[in-house]
Every structure is written in C-alpha cells, then in structure tokens.
Amino acid sequence: MSVITIVYTVLMYTATLILVGGLAYRINKYARTPAPLKIPTTPAPTTTSGVVMRMGREVVFFQSLFKSSKWTWLFGWIFHFSLLLELLRHLRYVLNPLPTWVVLIQPFGKYAAFGMIFGLAGLWARRVFVDRVRYISAPSDHLMLALLIAIALSGLTMTYVVHTDIISLKEFILGLIYFDWQPLPPDPALLIHLGLVAALMIVFPISKLLHAPGVFFSPTRNQVDNPRERRHLAPWAAQLETNERS
Amino acid sequence: MAKANFETPQIKEYPVIPLIHEGVMAHSKPFTAKAEFQADLGFPGELPDNWQEIAINKMGELLGKYRSLQVYLDSCVKCGACTDKCHYFLGTTDPKNMPVARQDLLRKVYRRYFTFAGKYFPKLVGAVDLTKDVLDDWYSYYHQCSQCRRCSVYCPYGIDTAEISMAAREIMDAVSIGQKYCNEIIGKVFKIGNNLGLPKPALADTLEGLEEDVKEDTGVDVRYPLDEKGAEILLITPSADFFAEPHVDGLIGYGKVFHQAGVSWTLSSYASEAANFGMFIGSYENMRKVALRIREAALDLGVKRIIFGECGHAWRVAYSFLNTLAGPFDFLDPRYPVPQHICEFTYDLIQRGALTLDKSGNDHRRLTYHDSCNVARASRMGDKPGGQFEIPRAIIRACCNHFYDMPQDTVREATFCCGGGGGLLTDDLMEVRVKGALPRMEALKSVVEEHGVTHMAAICAICKSQFSKVMPYYGFSMDQIVSVHQLVSDAIVLGDKQ
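Protein chains in written order, with our numbering: chain A, 68 to 313; chain B, 73 to 570.
Don't read these hints as lab results, they were simulated from the structure.
Take every hint as true, because none was put in to throw you off.
Computed from the model, here is a short list of chain A residues facing chain B with C-beta under 8 Å:
| id | residue |
| --- | --- |
| 1 | 104 |
| 2 | 106 |
| 3 | 110 |
| 4 | 132 |
| 5 | 204 |
| 6 | 207 |
| 7 | 300 |
A virtual CB, placed ideally from N, CA and C, is assigned to each residue, including glycine.
The task is simple: from the sequences and hints, build the whole structure.
Right, dumping it as structure tokens:
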C-alpha cells in the first residue's frame with residue numbers, strides 16, 4: 068500500500084471523526100442549553116406544525132434572506148442548492164448497489180459545480196465590492212469561499228479535463244466504509260479534491276459552518292407563539308422559584 | 073452636560089443606503105449609573121480589579137443559560153443581509169451600528185475565550201482579548217441598539233441582536249458598568265412602583281383631575297379608579313400615561329372604553345408601571361422582580377382580569393414573558409387571555425357593536441400608524457398571527473375617516489423603531505435618538521406629501537415620548553404624534569347605545 072493511500076486513509080477517517088464528533092458535541096450543546104423566554108420573531112406560527120412549515124421555508128427557500136437582499140439570496144440559494152445536488156451525486160461513490168434516483172440525477176449533478184462557482188463568485192464579489200460587507204469580513208470568511216471554490220474547481224477538472232479512475236476511487240471509499248482498505252488512484256486533481264474536502268469537514272464544527280445545525284435551534288424561528296396559553300419555564304428559572312419558596 | 077452638538081440627517085427624496093463612516097458614533101455614551109443605584113439591582117458599584125475574569129465568567133454563565141446567545145454567537149456567516157436594516161446605521165452611517173458588526177463586538181471576545189479557532193488562530197477569525205477599549209466599545213455601541221429586532225426578521229438564521237445586546241449589558245452590569253437611565257428607573261420601580269417615581273397621592277390626584285376634565289368635556293361621570301379592591305379588571309399602563317401628552321389622552325380613552333363596556337376596573341399604585349426595564353438590561357432576575365409586582369397587585373386587589381395599556385416593550389414582557397416570570401395566573405378568570413391588551417379589549421367591543429363611534433370626531437386629523445417594534449416583532453394581539461398589525465389599524469379605521477399606511481417596507485414586521493427604545497430614551501443619548509429616527513421620519517414625510525397626513529398614531533409610551541422630542545428636528549411639530557386611544561376617546565359617544 069502506497070504512502071499516499073495510507074495518508075489519505077488516515078486523513079479521511081480523521082476528518083470524518085472530527086466532523087461527526089464535533090457536530091454531535093455542538094448539537095448536544097445547543098439542545099441542552101435552555102431557552103428561558105419565548106422569543107419567536109412575530110408574526111410567528113401558533114402551532115408546532117406551523118413552526119415546522121416556517122423552518123421548512125427557511126431551510127429550503129431561505130425565506131428571511133429573500134426578504135432581506137435579493138442578490139445575496141440568489142447567489143446563496145444557487146450555491147447551496149448546487150452543493151446539495153453535488154452531495155447527492157457523490158453518493159455514487161458511497162452506495163452499492165446504486166439506487167435509481169442517484170443514477171438519474173447524475174447528468175444534472177454534473178453541471179451543479181458551475182452553479183456552485185457562480186453562487187460563490189457572486190457572494191465573494193459582495194464581500195469585495197459592497198463596503199458594508201467588506202467591513203464585516205474576516206480573513207476566514209474569504210478563505211472559506213476560496214476553499215469551496217477550490218473544491219468545485221478540482222472536481223470540475225476531473226469531470227472535464229483529466230479524468231480519474233472512478234472505479235478504483237469507489238473501491239477506495241467502500242474500503243474505508245467496510246474497513247477493507249484499498250489503494251487510492253494517485254491523480255493530483257483527485258488528491259487535491261479529497262484533501263480540500265477533508266479540510267472542509269475538519270473546519271465545519273469549529274467555524275461559521277455551524278449555521279447549518281444552528282438554524283434549527285434558533286429560538287426566534289423554532290418557537291411556537293403561545294406564551295399566554297402555555298407557561299414556558301426553563302429548568303434554571305424553575306429552580307430560582309423553588310429556592311425562593313424554601 | 074454637554075449641549076447636543078450634531079447635525080440632523082437630511083431627509084432624502086427616497087431612502088438610500090449610506091456608505092460607512094468608521095467611528096463617527098464612538099463618542100456616544102450614556103451616563104453611567106452611580107454605585108448606590110447599582111447596589112439596588114444587585115450589581116457591584118466599582119470596577120473590580122479582576123473585571124476581565126468576572127466578565128468572561130459571566131459570559132460563560134449566560135452561554136449556558138440562553139440558547140439564543142450560544143447559537144447566535146456561533147451561527148453568523150457574515151452574509152451582510154442585516155447590514156442595511158438597522159435604523160441607527162441608516163441614520164448614523166457608523167458601521168458598528170450594522171447589526172452584524174454590533175454582534176461582532178461580543179462575538180470577537182466569545183471566539184477568543186470560548187472557541188478553538190479563536191484561541192489558536194485569533195487573527196484569522198477576528199478574535200480579540202477583552203480589554204478596556206473593547207469594554208468601552210461595548211458600552212458605546214450596545215447603547216446604540218434599541219433591541220427592536222428588525223435585524224432578526226431579515227437574518228437567515230433569525231439572529232436577534234437584541235439578545236446579544238441584552239447579554240452584553242448584563243455582562244457590563246456584572247462588572248459595575250451600568251447605564252444610569254435604565255438602572256435608576258428600575259430602582260424607582262422597586263421603591264415607588266413606577267418609572268417616573270410618582271407616589272400614590274400624586275397618582276390619586278392626577279386621576280381625580282382626569283375625572284373632572286372628562287366631566288367638563290362630556291358631561292359624563294367617567295371614573296379613573298385607583299386601588300379599588302374587588303374590581304373586575306386591573307389596568308397596568310406605562311406611568312407616562314399619568315403624566316404627559318399625548319399619553320394621558322390615551323388613558324382618558326381607556327377609561328371611556330371601560331365606562332361604555334360597563335365593567336369595573338382599577339389601577340394599582342403598587343404596580344403602577346407597565347414598562348419593565350429589566351428586559352433592556354437583560355436581567356432575568358430584575359425583570360422578574362418587576363413583573364411579580366403585577367401578580368401581587370392582582371392578588372391583593374382580587375381582580376379577575378389583567379389588561380395592559382399602550383406600551384411597546386411592556387407588551388412584549390406582558391404577552392411573551394409575564395406567564396413565565398410571574399405565572400401561573402390560575403387565580404384569574406380563565407375565559408380571558410392573561411394578560412390582554414387594551415386594543416384587544418376595545419377591538420372586541422367594536423366587533424360586537426358595543427361602542428358607538430363617531431368618526432367625524434377625528435375629521436380634523438389625517439392619520440398614519442407607527443407599528444411599535446416590540447409589539448410588531450415580539451408579541452401578538454388576538455388569536456391570529458399578525459393580529460398586532462390588524463387590530464390597532466381596525467380600531468383607527470373605526471374611529472377615523474382618513475387613514476393612510478406608510479410605505480410597506482417601513483410598517484408591520486418591517487417597521488422601523490422610533491429611535492428611542494431599548495433604554496435609550498434619555499437626553500444624554502439625544503444624538504443617536506435623533507439620527508435613529510431618520511428612517512421613520514422619511515416614511516412619515518412620504519405620506520405627509522402624498523396623502524396630506526397630519527398625525528401619526530402609536531401604541532407605545534416610548535415611541536410617543538421619543539417622537540414628541542425628535543419630530544421637531546425634522547420639521548414636524550411635537551403634537552403630531554397621538555395615542556390610538558386618544559382617537560378612540562375623540563370618537564366615542566358616551567352614554568346609552570344609540
């Protein structure tokens with residue numbers, strides 16, 4: 068087994084552990100931290116199913132961003148939707164046998180990388196040319212865009228310029244899943260692509276990418292507007308009352 | 073006190089997003105609370121030597137107590153959606169008044185002490201140590217936020233800067249840096265029962281005067297009772313209603329509505345304040361202490377219902393928090409929501425045809441309506457979402473022949489704060505108050521020019537006080553702001569139903 072294969076095998080396991088472990092830690096923290104007061108941004112749904120719908124519109128259509136800035140919404144939504152398509156398309160390296168729908172989306176997924184680059188470029192342009200957005204951008208905000216664009220570009224290189232041996236790649240990935248390690252084709256574009264994806268997985272739980280789980284825990288979006296009907300009391304606030312009485 | 077020395081922003085033909093000008097509002101700081109007033113609220117009076125440690129510990133404590141704070145400090149992606157949404161940014165052009173930049177003042181410190189990236193790569197992610205300069209910036213810019221939540225409407229993750237500024241103020245209080253205006257007022261509520269420090273004899277005197285005035289005006293004996301045990305309804309209203317125009321005209325209106333409804337009601341001298349400044353400083357304990365006075369008054373007077381007068385953040389605390397802070401209210405009549413808003417009460421009577429309203433009583437006015445931020449984005453009226461927009465408008469339309477809404481992107485959930493909310497309604501913050509009113513003044517000007525609007529109605533004591541003060545800076549007169557129940561008062565026909 069080559070050094071490259073060993074390095075990437077270790078890297079992929081490490082990145083996956085950090086991504087899953089880090090996210091589990093963060094999500095657990097969000098879930099355990101109480102929200103002591105009812106603070107939904109109103110008008111807000113008065114039922115749980117209404118909240119599910121609101122969250123759905125937020126996550127699928129980026130409703131609030133649409134209200135806010137049409138350009139940011141356009142670039143942001145195209146990027147995220149393209150990224151989703153790409154992720155689904157890449158299931159072909161993970162699933163065996165392939166479900167039909169994964170086969171069916173391949174032709175669309177193939178072009179989604181262009182969508183990603185279009186969206187990311189638009190978002191980056193805002194960071195450079197709009198003085199307000201430039202002011203709030205830290206180096207990490209630029210780096211994140213660069214990282215994602217580099218992932219898309221290295222992927223496109225393999226689709227359109229120098230093909231990689233995807234049969235061996237799939238064997239490598241399945242080998243990781245079943246702990247039956249297989250050699251990784253040592254193509255530069257593939258090594259760059261996988262390395263960058265591993266980097267993205269590693270920074271995910273320690274960066275602003277936490278917005279992905281965060282939105283589901285946002286009290287202004289996930290709370291039911293029913294404070295008069297139901298008394299809402301956090302454990303620490305209940306403790307405060309108990310201490311007073313005793 | 074230094075005399076206000078600043079230029080009122082120009083109202084442009086149509087609103088424009090300004091270019092940023094760094095540091096132009098860095099000098100804006102409210103007076104700090106004296107040690108004795110800090111003590112009343114359970115805060116230290118002097119900056120301790122280890123203040124950094126205390127502040128960071130406090131931040132850690134709040135991160136564990138408030139999911140909003142933890143999630144919001146982590147989730148911002150700096151997309152910029154909020155950058156042109158804050159009235160204080162639009163009015164001052166200071167970039168630290170952009171919601172994301174305001175949050176970042178705290179987020180930078182959070183990252184430095186609580187995140188991996190900030191601990192090991194501070195420059196990369198913009199993390200900074202908590203220094204005296206940072207603390208000064210906090211004091212300045214967290215007192216240029218009126219906690220109006222407009223940014224939270226537009227944030228794709230619902231990040232609410234109000235939550236951040238409340239946490240920042242609580243951290244500052246924990247190291248003795250309190251704001252004079254808010255903290256002295258809370259002290260007054262604890263000692264006397266209301267923000268203005270009006271004792272019972274003064275209240276009784278005022279209410280008696282109102283009864284005489286209404287009698288003289290209408291020939292009808294409308295009562296304004298105080299501390300009457302056994303009354304059905306306890307009215308909790310901002311103390312400004314006892315004190316100044318146009319607030320008091322609203323109070324006159326509530327009395328007339330109760331009179332026509334034929335219900336017994338009373339005010340309480342012990343809980344003679346609807347406002348709860350404990351929210352502004354982010355202190356759950358102080359907010360709860362203020363709220364509990366209402367529960368005690370309701371129990372003491374033996375009332376069956378609680379109704380709130382016209383006030384913005386007070387209605388937020390009442391509608392969204394009162395049940396949490398001072399509940400359960402199982403001793404009240406379960407047929408009514410606890411608490412109710414006076415607008416809900418009046419609207420219900422109008423719906424049932426129980427009020428005779430003569431719209432011509434307001435024919436000398438052409439009206440528009442200012443949605444108060446905390447009512448619009450942090451509460452509800454009635455049983456449907458958005459009732460907080462429809463019910464006050466329905467009341468105005470029932471009382472007036474001429475009503476015109478301001479531009480759609482400045483009303484309802486998109487409403488602009490008056491510029492004086494969140495504990496900023498103090499003369500030492502006059503510059504930021506005047507500048508922050510710019511977007512609302514622009515919107516008002518557009519309906520004045522288009523529809524000949526003469527008056528703007530509001531249902532918040534802070535809005536009314538703020539507008540009375542800042543409208544003259546923009547060429548309007550201070551009496552162009554009116555109470556919604558002032559309009560009811562001028563239209564209502566007293567006596568038997570005709």
